[in-house]
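Asks: Residue numbers (my numbering), protein chains in the order written: chain A, 1465 to 1810; chain B, 1465 to 1810; chain C, 1465 to 1810.
Each pair may be met inside one copy or between any two copies, as identical chains are not told apart.
Straight-line C-alpha distance at most 27 Å; calculated DSSO-like pairs for lysine-lysine:
(1) K1656 to K1722
(2) K1508 to K1656
(3) K1722 to K1508
(4) K1606 to K1573
(5) K1484 to K1508
(6) K1806 to K1796
(7) K1722 to K1755
Keep in mind that the hints were calculated from the coordinates and are not lab data.
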Amino acid sequence: MRYSLAEIAARIGGEVIGDKDFIVTGIRSLESAGADDLAFAEEKFLPQAGASRAGALLVPRAADNLTQHLIICAQPFQAAGMLMAEIDAEAQKIPHTIAESATIGSGVKLGDNLHIGPGAVISDNAIIGDNCRIYAHTYIGKEVVIGNDTHIYPGVVIREGCRIGNRVIIHPNSVIGSDGFGFLQIAGRNVKIPQIGQVIIEDEVEIGALCTVNRAALDMTVIGRGSKLDDHVHIGHGVTTGSEAIMCAQVGLSGGVKIGDRVMLGPRVGSADHISIGDGARLMAGTQAAKSLAGEIDYGGTPAIPVKQSLRQIMAATHLPKDRSRLAVLEKKVEELEQLLKQKTQ
Amino acid sequence: MRYSLAEIAARIGGEVIGDKDFIVTGIRSLESAGADDLAFAEEKFLPQAGASRAGALLVPRAADNLTQHLIICAQPFQAAGMLMAEIDAEAQKIPHTIAESATIGSGVKLGDNLHIGPGAVISDNAIIGDNCRIYAHTYIGKEVVIGNDTHIYPGVVIREGCRIGNRVIIHPNSVIGSDGFGFLQIAGRNVKIPQIGQVIIEDEVEIGALCTVNRAALDMTVIGRGSKLDDHVHIGHGVTTGSEAIMCAQVGLSGGVKIGDRVMLGPRVGSADHISIGDGARLMAGTQAAKSLAGEIDYGGTPAIPVKQSLRQIMAATHLPKDRSRLAVLEKKVEELEQLLKQKTQ
Amino acid sequence: MRYSLAEIAARIGGEVIGDKDFIVTGIRSLESAGADDLAFAEEKFLPQAGASRAGALLVPRAADNLTQHLIICAQPFQAAGMLMAEIDAEAQKIPHTIAESATIGSGVKLGDNLHIGPGAVISDNAIIGDNCRIYAHTYIGKEVVIGNDTHIYPGVVIREGCRIGNRVIIHPNSVIGSDGFGFLQIAGRNVKIPQIGQVIIEDEVEIGALCTVNRAALDMTVIGRGSKLDDHVHIGHGVTTGSEAIMCAQVGLSGGVKIGDRVMLGPRVGSADHISIGDGARLMAGTQAAKSLAGEIDYGGTPAIPVKQSLRQIMAATHLPKDRSRLAVLEKKVEELEQLLKQKTQ
Chain A
1465 MRYSLAEIAA RIGGEVIGDK DFIVTGIRSL ESAGADDLAF AEEKFLPQAG
1515 ASRAGALLVP RAADNLTQHL IICAQPFQAA GMLMAEIDAE AQKIPHTIAE
1565 SATIGSGVKL GDNLHIGPGA VISDNAIIGD NCRIYAHTYI GKEVVIGNDT
1615 HIYPGVVIRE GCRIGNRVII HPNSVIGSDG FGFLQIAGRN VKIPQIGQVI
1665 IEDEVEIGAL CTVNRAALDM TVIGRGSKLD DHVHIGHGVT TGSEAIMCAQ
1715 VGLSGGVKIG DRVMLGPRVG SADHISIGDG ARLMAGTQAA KSLAGEIDYG
1765 GTPAIPVKQS LRQIMAATHL PKDRSRLAVL EKKVEELEQL LKQKTQ
Chain B
1465 MRYSLAEIAA RIGGEVIGDK DFIVTGIRSL ESAGADDLAF AEEKFLPQAG
1515 ASRAGALLVP RAADNLTQHL IICAQPFQAA GMLMAEIDAE AQKIPHTIAE
1565 SATIGSGVKL GDNLHIGPGA VISDNAIIGD NCRIYAHTYI GKEVVIGNDT
1615 HIYPGVVIRE GCRIGNRVII HPNSVIGSDG FGFLQIAGRN VKIPQIGQVI
1665 IEDEVEIGAL CTVNRAALDM TVIGRGSKLD DHVHIGHGVT TGSEAIMCAQ
1715 VGLSGGVKIG DRVMLGPRVG SADHISIGDG ARLMAGTQAA KSLAGEIDYG
1765 GTPAIPVKQS LRQIMAATHL PKDRSRLAVL EKKVEELEQL LKQKTQ
Chain C
1465 MRYSLAEIAA RIGGEVIGDK DFIVTGIRSL ESAGADDLAF AEEKFLPQAG
1515 ASRAGALLVP RAADNLTQHL IICAQPFQAA GMLMAEIDAE AQKIPHTIAE
1565 SATIGSGVKL GDNLHIGPGA VISDNAIIGD NCRIYAHTYI GKEVVIGNDT
1615 HIYPGVVIRE GCRIGNRVII HPNSVIGSDG FGFLQIAGRN VKIPQIGQVI
1665 IEDEVEIGAL CTVNRAALDM TVIGRGSKLD DHVHIGHGVT TGSEAIMCAQ
1715 VGLSGGVKIG DRVMLGPRVG SADHISIGDG ARLMAGTQAA KSLAGEIDYG
1765 GTPAIPVKQS LRQIMAATHL PKDRSRLAVL EKKVEELEQL LKQKTQ
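Can you build the whole structure from these sequences, using the hints too?
Replies: Structure, rendered in structure tokens:
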């Protein structure tokens, strides 16, 4: 990255106060930016922005404490986001070529403008849309269908028959369409229930690194449009999620769970199988959902209860050792009172 | 899949009521089956089976509410399982060939009828039995021994010297025989304890995607015959499990733990190191075992206690905020009583 | 391995009592060692060492109950560690060659004495130091810098621009530099915040199998010198750790967390985002840190509190069902006392 402030202002629709020809070579946070960097600050961070060693600042307005070169724009974070996206695109630029060492099966249909990396395996009858990146060492199973503009990072495994939408991102070494976990106990043995369903990943879904989204036993596991999964998330067989859900790292959803739209699951949230979680419900970090939960409510605890109750319960529990002593003291006093009254009555 | 009901009835030993030549092209659940699908229902699900849009049903008996074509058989679920296994085998059919891009080390012994996928690495002196599938991008270390009929899915890494049994399944990107986690603190530095033990995976074990089974420091980490691990399970160095154990997703067992036969560990169960869990013990989701646990008992909680106690404790905890108020009220009343009695006595 | 006791004694500076020409072919624990094995016992394990079937023992002194051949040395465990390191080095020996099937990008700088395994991808302008092992199916992104003597096990993915130090070990299928998890909710959609920061892994860090260390949004995610991560550890974007930290399996640190030197995190420890944990703090298994924690203290619980308090609280909680009954009994008694006093007063 190497831009003059004038170029940046033009691109984001801002105005330079200071040297228009000043060159910045990176975007960093207020704390770590250096003399060649651009940093940004929303209104509420302007007081501390003056202390930043950034050479230039993206800010909503000038202020006395800001001695850096400035670019003034209405929404600094969003403007920075546009620049960050350009930097990201540049950093991840990759040739639209198909590596010689890739294995392309029979009957495969490939779209235009693809990157298929070294060693990638595209199995028979798979269909890949336009502008996709199928990075090195990926394994795309038989009859998998992938839409347009989708990025499949190195080492991802997508097993046979799964369907991946448009503008989907799957981060490295995740596994889509692996067998669900289903066994019958017959005569003391664990007998495998074949898992013949599939997985559907809808448009604009992002799946973190090292996630598992298991194929359904019979029907479909579905990750709804625009949902985002952080790393190490486990989605059991037959789970369906609504659109625009957020699942933080290390979440685990057991088989058959139904998640509504816009549900937010904090880190390490877990669920029992076959429960449902309503639209807009939010589960704090570590919440364990044992039963179905109504939508538009915040939950916490093990098992999940409304978060205010959960916090009151946690707070009350911190007093437990002391409260036990108080209880014992009371018991003694009441016994003494009983004795005393008994004596008086006699 | 494309079968007439007569063909299916013949294969599973059932009887058709309705059109013997009716063709089904899939097996689905009662809820999602369509006009070309076969669904199945055990006795207790017959009431709702009438509403299924399935073209045909596998059921234990005819009933007035069932207007679909029927196949009558004693055990519908088991019969469906047979068909599902056939469909699964067909969907996963793969040529018994060794990819040109695979790397086969010196001294390797390969059985008959193998699939070795693109880019697979079989290191020096490894031994692979008959009918195995060693998928793309797998890494089989030096002197690894793999039995017959075993499937190693894409991206799995098995490090040097590990021994894998017959009819074992290891799902994508799992890691077997990686170093156990052992360090000595010497003069403020973490000094690595070399991990020179091995891993033994016995016959009929199934290991989910993205699991780790670490090599022992000195001896053996053992996963016992018929045990099944879901995804994201972590097995520390020197753990040994009995046969037919079940470990759900995201379970973590620390070093040296001994697990008995038929133990069932729910999702996210964890354990302290070097404890033992007796035969047939069952740990509910999220249970954390801090000490050794006797067999044939169900456990819950953190730390693990018998599940009934754990549920009573969880239930009691929900009353904590209210109970604290009750305690405060009582303290006040007792103080008043004491005052009153004191006055009376004077 | 095949050594005479004389050879071992010479190497570790010990003294043989028994047959100097006795040959051992392995090192095993006291419990599992056989007639050809060497086992070792520190002073406190000498009583049970007599029962070991080991052919020879490494011990701090002779004792009446020890009938095996002995090697006497001051620190048996450390001496055994030296031998284990040799055995480990031998077991993992690998040719210093670059596989023909590896893909080396343009502008790549390769050090001396490298192993680059089959199918490894080294992207444009990456720099690899001397004596590194870059195993099969690894993906090293553009402009990644790797120091000397570093081992990158099979299937590891390191994305563009990350910097890996000297003598680092990264175990199989881990992912370094994947996007951090950052989204803005705009008009009901989850809009990705580009992640343009990097990851720095300092010297002597060891990262387990199937870990994720995410790139920062803007700045740097840093794993400090000598820190050790077990398997399945998740490090969010912008986390920084001090030196010589220990993180056990399945730990998850949310974005922006700051960890001090020598911090120890037990299995399944989690943290809220943007908190700090002071030097030398130790968090027991499963502890969830919701707020910043002072150093040099041991913590437990959810949320984290000093471990002694946490244990007292856990202990008190086990009495909850009984204490609720005690509370109800007291309420009844106090009511009766109140009635009685009222009657008396009338």
